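Colleague: Here's the letter readout for the chains.
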Amino acid sequence: MALSREQIAMRVAQEFKDGSYINLGIGIPTLAANYVPQGITVMLQSENGLLGMGPYPTEEQVDADMINAGKETVTASTGASIFSSAESFAMIRGGHVDITVLGAFEVDQNGNIASWMIPGKLVKGMGGAMDLVAGAKNIIVTMTHADKHGNSKLLEQCTLPLTGVNCINRIITDLAMLEIRDNTFHLLERAPGVSVEEIKQKTAGKLVVEGDIPEMQF
Amino acid sequence: MALSREQIAMRVAQEFKDGSYINLGIGIPTLAANYVPQGITVMLQSENGLLGMGPYPTEEQVDADMINAGKETVTASTGASIFSSAESFAMIRGGHVDITVLGAFEVDQNGNIASWMIPGKLVKGMGGAMDLVAGAKNIIVTMTHADKHGNSKLLEQCTLPLTGVNCINRIITDLAMLEIRDNTFHLLERAPGVSVEEIKQKTAGKLVVEGDIPEMQF
Amino acid sequence: MAGFDKVVSSYEEAMAGLEDNMTVIAGGFGLCGIPEGLIAQIKKMGVSGLTVVSNNCGVDGFGLGILLEDRQIRKMIASYVGENALFEKQLLNGELEVELTPQGTLAEKMRAGGAGIPAFYTATGYGTPVGEGKEVREFNGRPYILEPSITGDFAIVKAWKADRYGNCVYRHTAQNFNPMAATAGKITVVEVEEIVEPGEIPPSQIHTPGIYVNRVIKGNFEKRIERKVTRSA
Amino acid sequence: MAGFDKVVSSYEEAMAGLEDNMTVIAGGFGLCGIPEGLIAQIKKMGVSGLTVVSNNCGVDGFGLGILLEDRQIRKMIASYVGENALFEKQLLNGELEVELTPQGTLAEKMRAGGAGIPAFYTATGYGTPVGEGKEVREFNGRPYILEPSITGDFAIVKAWKADRYGNCVYRHTAQNFNPMAATAGKITVVEVEEIVEPGEIPPSQIHTPGIYVNRVIKGNFEKRIERKVTRSA
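Chains as they are written, first to last, in the numbering used here: chain L, 1 to 218; chain A, 1001 to 1218; chain U, 2001 to 2233; chain F, 3001 to 3233.
Note that these hints are calculated values from the structure, not bench results. These numbers were taken from a predicted model, which means no experiment stands behind them. Accuracy of the hints is not assured; some may be wrong.
Using 25 Å as the maximum straight-line C-alpha spacing, the simulated SDA-like pairs for lysine to any residue come out as follows [stated by the list, open to error]: (1) A/K1137 <-> F/L3146; (2) A/K1124 <-> F/R3227; (3) U/K2228 <-> L/I26; (4) U/K2223 <-> L/I26; (5) U/K2043 <-> U/A2016; (6) L/K121 <-> U/R2074.
Take these sequences, add in the hints, and give me the full structure.
Modeller: Pasting the structure below:
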């Protein structure tokens, strides 16, 4: 069965290593913060200038001067640092953030990602997404494997305007976890109960399936 | 009579305006801090990361972590700020420092300056001088008008490797104050008792003398 | 130190010299850390044809959004403008031009502008619409695009505290774009919650040295929260 | 937060992985704010062929100068190297190569290296020996030269205090090149006067966020003064 948003977030969190600095995009990526494995600690970077993002505030802790990149009120964890936007993106652009997790409209087998603009629809802006995909050491994309109409979002070539080129190496969808290398999607894991056939059918780009593909473990 | 080092510094200080941010090079320029006119306040920038340099410390105030760009122990004045070298040169390069005063070996009528390297002699480095001449809004060069052998240091074209091009507008020597514009030295003032003839004789570059040239007032 | 006292007592003085068609760089991220009173003064002055450089354009009726009401902004340089119906309308009408710029590139353009660096190379935006028409160059086998810096006629900045010499500190994430904006204005105006005496802020804790600041004014801030999210205690 | 505890207890651990022919970026200005113990450890390790990037090269017998004694430095990238007789001798002998770099360009090269900017344009050095062989380009009618950024295999940094997560503050003008150096090392090692617990340094007062720092060690500092100048009280 296809994973829920929470399950995708749980699988994402399994990728986190102890001592990692992580930037989580809005939506499913943010949920991953709730599923950090036991015994592992990570620090969350929020690109508006906060390293060490804590939980949402209690009503008493709410402070207009303390928000995250999604403009939500937040807190700072112990040992956090706060800095300017230039410093924040120096970190990101300079490759100091270990993992970035973000959503996408499309990803292709060359590691290109489209996530910010649908021609004909109003363009609201890329925010920090282009900087994040250009700078992070490891990028994990979370999205549904296919759109509402059943069209694959894992393509031979992205059709929408790009956010970044040749930068994505890992994708976690509601059906599978895949890696991109040698201009090919490699199937690593499948969602419990989802067949390799279904994944093949819903992957438009070149897909390599080597050996037995294990189910995700939760 | 030719000005003493102290007198050159005094004349330099007359150029300071109330509320100016000023960077003073090593030597005569540094002396200018002692002659800031009454009723005028300036803030001194030291390019190692101090804005608001105070006087030398008393024996009790000496602190190894508090030095100026000449590596001398200093103090910070009230309202000073301390920052990194990158920030310090952002200020300088970005044109935020109002006046820079520095010494030179040669200046030419095109506003070029040579101050850091004499071929054949060991080269110790340019330090911050190239950044300062490229960034400051107003640069005042202090030097003797001629060298020990009587050779002019105000040339048609610098002979030594340059520190910066087309950047000098004012020169205060032991004999005169001059301005550079239209690729010409313009004589503005002469040292008390020094004749226009002597200045002409010791200026190798193109010199314009318009009308009566007043003596410097101290 | 009379010459360094940058405190002004009215918003008229604070924004004196702002004219039609000028470029204004504004600090702030969403509604966090925005110079509320300086924006209100720009509205009051009625200047138009402005180019505004800011990560966002406020919301309907608050922040930079209020400058849209009388069509004072001709062009917006921002990374994200999704919170504003009036903005959308003017954009679709062709009354407003927008130059979408990646957030990190925008921050770096302001910093570079203030630091005398006319242009820099970045990987951000290469191969995307942002990179179109820009010079591409490889360094160590990777392609980068050339981005020019930004400076403004005015920079409007919100700080927590400033001393009379203009030395500023920012509070929490209200820092955001403010320090870079402060360096990039020909005239930089800082609106603060509190004015303190020189020396009260320790020299090494100053975020923005006063050399970048021309005017300081004490403001009153509503500090509207865009997305209040809480957990139970 | 075990994964973020960066404190090491020996200089061997602090500099583990440093090998011949690596590039080391060092903070400090003259003898102010230099990582004395880390430099001593490099001497002890005996690695050679190093490229050292630092504003200065210490003095005879102190600071980076001690790495000259056994000819450990092959190339020095610095803005001023005039305080050191051994340096002069090795330079004249051809045993040592030096790349003189304007001080502001050097600081910006380190910052750019750490910030993922491979190159930037600056007016500094145009028309001088520094600009020779470098690309020249005009922006707004003024010529600038292209300067590539610098990164290092190691960065050695001196801070006043750091917490266990590597968040650093610098003291007075001992800050200088240290914050930029900290960002530009593949492995960044910080030697401090005092290690504190996370949370002790207020988040907005941290000069170097721990994300840039790999190892922290508590040192003992002589803090030699290069030019003591005093006035009568």
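Colleague: Is U/K2043 close enough to U/A2016, meaning Cα to Cα at most 25 Å?
Modeller: holds, 13 Å
Colleague: Just to be careful, I want the Cα atoms of A/K1137 and F/L3146 compared with a cutoff of 25 Å; is the pair within it?
Modeller: OK: A/K1137 and F/L3146 at ~22 Å, within 25 Å.
Colleague: Between U/K2223 and L/I26, is the straight-line Cα distance small enough, at 25 Å or below?
Modeller: holds, 23 Å
Colleague: For the pair supplied as a hint, U/K2228 and L/I26, confirm whether the alpha-carbon distance does not exceed 25 Å.
Modeller: Cα-Cα ~15 Å, so holds.
Colleague: Could you grab the alpha-carbon distance between L/K121 and U/R2074 and see if it respects the 25 Å cut-off?
Modeller: holds, 22 Å
Colleague: Decide if the proposed pair is consistent with the structure: A/K1124 and F/R3227, CA atoms, cutoff 25 Å inclusive.
Modeller: Holds - the C-alpha atoms of F/R3227 and A/K1124 are around 18 Å apart, at most 25 Å.
Of the numbered hints stated above, none is contradicted by the structure.
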